[in-house]
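Take the given structure of chain A and dock chain B to it, following the hints.
Those sequence lines, one after another, are chains A and B.
Numbers given in the numbering used here equal positions in the first sequence, counted from 1, plus 710.
Numbers given in the numbering used here equal positions in the second sequence, counted from 1, plus 27.
Check each hint, because a few of them may be wrong.
[What the hints assert, rightly or not] Straight-line C-alpha distance at most 25 Å; calculated BS3-like pairs for lysine-lysine:
# : chain 1 : residue 1 : chain 2 : residue 2
1 : B       : Lys159    : A       : Lys730
2 : A       : Lys726    : B       : Lys125
3 : A       : Lys736    : B       : Lys262
4 : A       : Lys737    : B       : Lys159
5 : A       : Lys1108   : B       : Lys48
6 : B       : Lys241    : B       : Lys275
7 : A       : Lys734    : B       : Lys125
8 : B       : Lys168    : B       : Lys139
9 : B       : Lys275    : B       : Lys85
For the record, the hints were derived by calculation from the structure and aren't laboratory data.
Quantities reported herein were computed from a predicted structural model and do not represent experimental measurements.
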Amino acid sequence: MKFNLSVIMKFTSITKWEFKNTLKSKKFMMIFFLQLSVLFLMIIIFNSFVTNIESDNGISITPSLNGFASMDVLDQSGLISKSINPIINVVPLSYNSSLNNIAEGKTTGFLYVPGNVDQKIRLGQTIDMTVYLDSSDPKSSVVRDEVNSTAQIISQSYSNTLSASAVPQNTTTPTVNQESTGESLPLQIITKVMLVILLFLPLLLFGNMIIDTIVGEKERKTGEILIAMPMSQAQIIIGKSMAVVLTISLQVAMWLIILLIAGFHIDNPVLVFIFIFLTSIPIIGITSVVAAYSKNFKEAGIGLSIAYMGIVGFLIVPVLIYLSRKSFIANISPMTIVMRLFSGESISLVDYGISLATILIVSLISYWIAIKLFERDDIIFGPRPGILRLVYDLITFKKF
Amino acid sequence: MGSNEVMIKIESLTKSFGRIKALDDLNIEIKRGELLGIIGPNGAGKTTAIRMACCILKPDFGDIKIDGISIHEDPIRIKSMIGYLPEEPNLYERFKAKDLLKYFAELYGVPKNDINRRIDDLLELVGMTERKDDRINTFSKGLRQRISVARALVHDPEIIILDEPTMGLDPATANSIRDFVRNLKGNKTMILCTHYMAEADSLCDRVAILNKGKIIDVGTPDYLKSKIHGDVILKVRIQNLDVINIYKEQIMKFASVAAVDFVDGEYLISLKYRNEMSDIVDLFGNNVNSINTKEPTLEDVFINTVK
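The following block holds chain A by itself, in its conformation from the complex (with noise of 0.2 Å):
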């Protein structure tokens, strides 16, 4: 065979046409646009979630119902107005207007503490409150069990604060103040994790495009008169691939500007969008082996469902061992890189390395077997091999 500088880049024709009418499709920009604002729902619940986590009142995963209520306060001492529950609504209003408020059902309640609070408590005394309700109010039960719950837990505090100051100083425990720098495991899961399978998700959702511009050639019977064509089974399917590369490229990019825009802190933008563009060649490496051997969209399917599971898993559990371990090894999946990378931590060259070599060796062997079965003629005009016939061929070298 001669070699031609021209002919080897005619599967670029191939990528062009395919992604223009990729582009061109209603039906791919209506998911397309569809998969951006599944992204911006996500990035609204991931936001959310992580301001709770991050939040004094530690994790919150139910919605919020601060402000349910709302109740005027007389509490000059704060004492009480500072512990009780963000679900109520806490209005510092003077007596009458309260009193007034209560009446025009402008507020749930109105508690008033009386102002030698201070003094009362370093004699030992009881503390008189009283707590005023729109019995009409249904939130009006929600405000009492608050102030009573508020109140009993000031008291148990100040019980422990008295009995302790009853211990002579020589017996009391020393207290250990313990300072934590970084996040703790859990937070590092949902933040780091969960920002990186967002970047990745873009590789899992195009598997379908790959599946219909290979498997599509094989249903609608135009794969004979593309193969007809002066070009290689190999041009072929490197030329369809690398226009499912360029769409997933477009899509992670338009992702990244998304996520920063929404403010996520994302170090190294151009590295990350590198090496996720770079792990969409196995992906779809592997995808056209699944859409080269499968006889129709069916087929197709479930092939693509176990072969996710699969690399789902491959980058995935990677990335929890080198949280958890920080693992040399865990740098053979992508996304520890592009993880490792927006967060902004040095990376060797062997681990580059690593992880490289990796998407290199997956790559070259997932687009040889494509082409390999491409190239077959029992498998695309039949009647097709079993898969263990092809191990067989494969193992012994024969015919394949």
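Showing chain B alone in chain A's frame:
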């Protein structure tokens, strides 16, 4: 017919699909500018043979040389020399007619400057200029076939291979495709696979009869027809059937008679030449009901050969 130079040489071509032998030691030569018809029953191996010539399938054994180049040696060069029209006009539905031709022109490596002019010429040739901006999925089968013909010719190939080009088309469209093939005759080397014997008879320089993966016979349509029936068949319907055998003996005495059959009250007399036709008719005297002549057709040849 073109020159005597061999353009396509098929040597010992063999191909099996599983346990089924689709082609069994096929050998044939096609000359430059010749139009070779391939006829044969379903499953004879016609499509397999032409797919191999187009380098779509690989032979288990044997070779095809196109202008001296082996399909094993440089399949891409061979593919660029061939315009292939498959049996079904399956095209990319989402493309506009013009874009489809542009896509294939690029894949065939047509120079960029020539693409638009070439496409306009072809669309005019197949009568599709008005529909050039319409999507393929709006076309009838006939229109798709026209676009398919244009697609197969977009790179101005030296060889055109047509697999059942008129199958399932209305008579008008089928005739326009036949006219189109007729116009290309002599300029291009062509292979035409067809089930329509009349089509092969009227268009082809030579016809190969393929059955069970082997070529049973090959030659000009006239040669094939003459091999079976002779030049013409004389059909004589008689009134008095009691004298059948007497007539048969007398007819056989004529030198021009190749064979005599009596079917449904009618004599079928195969004549090698026509000179004695009137003498044979005179033999029946007043006992004649009707006289007809029938030219042997390729269909007769086909049925006789593959039965």
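### Task
Mind checking the alpha carbons of lysine 241(B) and lysine 275(B) for me, to see if they're no more than 25 Å apart?
Outside the cut-off at roughly 38 Å; violated.
#### Entry: Given hint lysine 159(B) paired with lysine 737(A) - CA-CA distance at most 25 Å
holds (23 Å)
### Straight-line alpha-carbon gap lysine 734(A) to lysine 125(B), limit 25 Å
holds (16 Å)
### Message
Checking one constraint from the list: CA of lysine 159(B) to CA of lysine 730(A), max 25 Å. Satisfied?
### Response
holds (19 Å)
### Query
lysine 1108(A) and lysine 48(B): Cα distance at most 25 Å?
Holds, at roughly 20 Å.
### Task
Take a quick look at whether lysine 736(A) and lysine 262(B) sit within 25 Å of each other, Cα to Cα.
Roughly 66 Å separates the two Cα atoms, so the pair is violated.
### 25 Å Cα cutoff - pair lysine 726(A), lysine 125(B)
This hinted pair holds, its Cα atoms lying about 16 Å apart.
### Query
Within 25 Å, alpha carbon to alpha carbon, are lysine 275(B) and lysine 85(B)?
Judged against 25 Å, a Cα distance of about 54 Å means the pair is violated.
### Message
Against the 25 Å threshold, does the CA-CA distance of lysine 168(B) and lysine 139(B) hold or violate the hint?
### Response
Since the Cα atoms of lysine 168(B) and lysine 139(B) sit roughly 30 Å apart, the hinted pair is violated (cutoff 25 Å).
Against the hints set out earlier in the document, violations occur for numbers 3, 6, 8 and 9.
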